[in-house]
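Student: Read off the chains here:
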Amino acid sequence: MIQFEKVSKVYQHNGNDLRAVDGVDFTVHKGEIFGVIGFSGAGKSTLIRLVNLLERPTEGRVLVNGEDLTQLPKPDLRKVRKRIGMIFQHFNLLESKTVHHNVAFPLSLSGTPKKEVDQRVNEILEFVGLSDKAKQYPEELSGGQKQRVGIARALATSPDILLCDEATSALDPETTKSILKLLQKVRDEYGITILMITHEMNVVREVCDRIAVMESGKVIEKGSIFDLFSNPQHPTTQNFVRTVMENDIPASILNGIEERGASRNIYRVTFVDESAGQPVLSQVAKKFDVEVNVLFGQITELQGIPFGHLVVELQGEDQEVLRVINHIQQTVSVQEVTSNAG
Amino acid sequence: MQVNLMDFWPRIWEATYQTLLMVGISLLAATLIGLPLGIILVVTRQGGLLENKPVFNAFSTVVNFFRSIPFIILLVAILPFTRFVVGSSIGTAAAVVPLVIFSAPYIARLVESSLLEVKPGVIEAAEAMGASPWQIIRRVYIPEGLSSIVLNLTIATIGLVGASAMAGFVGGGGLGDLAISYGYQRFETDIMIATVLLLVLIVQITQTIGNFASKKIRRQ
Ligand SMILES: Nc1ncnc2c1ncn2[C@@H]1O[C@H](COP(=O)(O)OP(=O)(O)O)[C@@H](O)[C@H]1O
Ligand SMILES: [Mg+2]
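In the order they appear, the protein sequences are chains Y and Z.
Using our numbering, the final residue of the first sequence is 342, and nothing's skipped along the way.
Using our numbering, the final residue of the second sequence is 1220, and nothing's skipped along the way.
Rather than coming from a laboratory, the hints here were simulated on the basis of the structure.
Note that this is a predicted model, so its numbers are computed, not measured.
Check before you lean on any hint, since a few could be wrong.
Unchecked claim - Some, not all, of what chain Z presents toward chain Y, calculated at C-beta under 7 Å: (1) P1120; (2) G1121; (3) A1125; (4) M1129; (5) G1130; (6) A1131; (7) Q1135; (8) I1142; (9) P1143; (10) E1144.
To be verified - Listed below are the simulated DSS-like cross-link pairs for lysine-lysine, each with C-alpha atoms no more than 30 Å apart in a straight line: (11) Y:K115 / Z:K1053; (12) Y:K135 / Z:K1119; (13) Z:K1053 / Y:K74; (14) Z:K1053 / Y:K177; (15) Y:K218 / Y:K181; (16) Y:K82 / Y:K114; (17) Y:K185 / Y:K133; (18) Y:K114 / Z:K1119; (19) Y:K135 / Z:K1053; (20) Y:K82 / Z:K1119; (21) Z:K1119 / Y:K79; (22) Z:K1215 / Z:K1119; (23) Y:K6 / Y:K97; (24) Y:K114 / Y:K79; (25) Z:K1215 / Y:K133; (26) Y:K181 / Y:K97; (27) Y:K6 / Y:K79; (28) Y:K97 / Z:K1215; (29) Z:K1216 / Y:K97; (30) Z:K1215 / Y:K181; (31) Y:K115 / Y:K133; (32) Z:K1119 / Y:K97; (33) Y:K79 / Z:K1053; (34) Z:K1216 / Y:K114; (35) Z:K1119 / Y:K74; (36) Y:K30 / Y:K74; (37) Y:K135 / Y:K114; (38) Y:K135 / Z:K1215; (39) Z:K1119 / Y:K133; (40) Y:K133 / Y:K82.
Beta carbons: idealized from backbone N, C-alpha and C, even for Gly.
Sequences and hints are given; from them, build the entire structure.
Tutor: Listed below in structure tokens is the structure:
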């Protein structure tokens, strides 16, 4: 569990205060995958480095499993750091050491007997699917394989927290997916709490239970992945959502709506999972005296569950249309669309 | 008087031996001093593992001071010190002292630049894993920088071969001394050529070994 309590980190920049992290306040629960998303320079890396005290907070506190690490003497801090794994965008592996020795590194730091180290390394390499690469050097591996080594190394000391700083940002989309799957497996099998930061919406969409959106050092919005996708409040959040799902109705369709006159019944139906959406609408067409005309739609996947929205026109008597809305609102969320507002 | 090259071989061998001895001992001693100095310069610099401005400035100034003195001046200037250390101010052993003082600060700078090539991210990863500063020096900085250090030590060795040629001034002997006293001052062209060829050979072999060792270390 990680608790950020009104944490700020202030740097001096040309004599001015630069609030890289500004009053951040949220909790990452045990066994949760929590994502922090924000554009470059938002303060994400600074925030994540406050957790293992690579940076010290200027104000506020960060509690790791209830403990304020700033209070610990250095040797104790080092001990605690062994319980907090970290992986990086550029992997940061030891180039002069084999995969085996890279993964063994954190264990050998605490003087673990060689036999025990070897056993643990084999076990963890098996877990990340790199048993056959133990004797190779990092430069002989692909980016995805290097990150697997990074994950293996971070897990070697059996931590209860894993920090991921842009762990997939240097990888192609396919490799990103496989690394995210692996992180999910890390959480599911070891119950490790994962805090990941990224500037890519498709990363948080894939694996995060909850996300926080950061801008200029502040958390501007946070919530479950479904909340943020279905109802993003802040313009920045809306922009991020738009990077993976087009929310705006294309201009050509809007123009069509305008042309066909004023009294139109156009709605945006937002749905989660396949039981909603299409079936609801086809039922409507059968049950009620209305025609359902789908103008536009977007479907994406959040944590493996279909999520999307359809923009539909309901053609029929106003009374009947109202009845339809009341009916479908029980299963999906419905918003009216006007031609001048997406 | 003309000297026959064949008759002169024993002198050449002796001079070669003296050169190798001077260079070898100086290199060893200078590395023993320069390596820790280089490490201190890296870890105490701004943003370093054990950032400490006064310590960094002090060491950096001392290193710069000795690096700015031309070898031939250093050689003479420290004669009293040399006598104090080796008990004599002439001979091969006496030449080693100025060679060490000349090359240790140079090696310190070379080690510094090698260690600065180690990616900061790797150091940070080790810190995040709970490594102590000493563990980071011994198990990250040195192994990760070793290949580059070896390459740089090769450069320092070749510099030592060149500087050792001036050891004649303190009766240090060696190939350079031979080339100057016979080849240059007595116009023995054969001996001049032979000694220069031997120096070239020594430099070539040193570079080849250095390149090989550096490559080998990089991938082990
Ligand atoms: N050590 C530092 N000294 C001064 N400014 C810093 C330092 N680290 C980060 N910053 C500044 O803090 C802000 C946030 O940086 P960072 O946390 O790296 O953002 P992100 O990871 O979201 O891209 C940036 O403006 C950056 O320039
Ligand atoms: Mg960053």
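Student: Hint by hint, note whether the structure agrees.
Tutor: Verification of the supplied hints:
1. P1120: violated, 9 Å
2. G1121: Cβ of Z:G1121 sits 4 Å from chain Y, so the hint holds.
3. A1125: holds, 4 Å
4. M1129: holds, 4 Å
5. G1130: holds, 4 Å
6. A1131: Holds, about 5 Å.
7. Q1135: Given a least distance of 6 Å, the restraint on Z:Q1135 holds.
8. I1142: With a minimum Cβ separation of about 10 Å from chain Y (threshold 7 Å), the hint on Z:I1142 is violated.
9. P1143: holds, 5 Å
10. E1144: holds, 5 Å
11. Y:K115 / Z:K1053: violated, 43 Å
12. Y:K135 / Z:K1119: holds, 22 Å
13. Z:K1053 / Y:K74: holds, 21 Å
14. Z:K1053 / Y:K177: violated, 46 Å
15. Y:K218 / Y:K181: It holds: about 29 Å lies between the C-alpha atoms, which stays within 30 Å.
16. Y:K82 / Y:K114: Measuring from Cα to Cα gives roughly 18 Å; hence the hint holds.
17. Y:K185 / Y:K133: holds, 20 Å
18. Y:K114 / Z:K1119: The hint holds at about 27 Å.
19. Y:K135 / Z:K1053: Measuring from Cα to Cα gives roughly 41 Å; hence the hint is violated.
20. Y:K82 / Z:K1119: holds, 21 Å
21. Z:K1119 / Y:K79: holds, 24 Å
22. Z:K1215 / Z:K1119: Holds: Z:K1215 and Z:K1119 sit about 19 Å apart, inside 30 Å.
23. Y:K6 / Y:K97: violated, 41 Å
24. Y:K114 / Y:K79: Satisfied, since the Cα-Cα distance of roughly 20 Å is no more than 30 Å.
25. Z:K1215 / Y:K133: Holds, because 21 Å separates the two Cα atoms, which is no more than 30 Å.
26. Y:K181 / Y:K97: holds, 27 Å
27. Y:K6 / Y:K79: holds, 26 Å
28. Y:K97 / Z:K1215: Holds, because 14 Å separates the two Cα atoms, which is no more than 30 Å.
29. Z:K1216 / Y:K97: Roughly 13 Å separates the two Cα atoms, so the pair holds.
30. Z:K1215 / Y:K181: This hinted pair is violated, its Cα atoms lying about 37 Å apart.
31. Y:K115 / Y:K133: holds, 19 Å
32. Z:K1119 / Y:K97: holds, 14 Å
33. Y:K79 / Z:K1053: Satisfied, since the Cα-Cα distance of roughly 28 Å is no more than 30 Å.
34. Z:K1216 / Y:K114: Roughly 25 Å separates the two Cα atoms, so the pair holds.
35. Z:K1119 / Y:K74: It holds: about 24 Å lies between the C-alpha atoms, which stays within 30 Å.
36. Y:K30 / Y:K74: Roughly 25 Å between the alpha carbons, so the hint for Y:K30 and Y:K74 holds.
37. Y:K135 / Y:K114: holds, 16 Å
38. Y:K135 / Z:K1215: holds, 18 Å
39. Z:K1119 / Y:K133: Holds, at about 23 Å.
40. Y:K133 / Y:K82: Given pair Y:K133, Y:K82 holds - Cα atoms ~24 Å apart, limit 30 Å.
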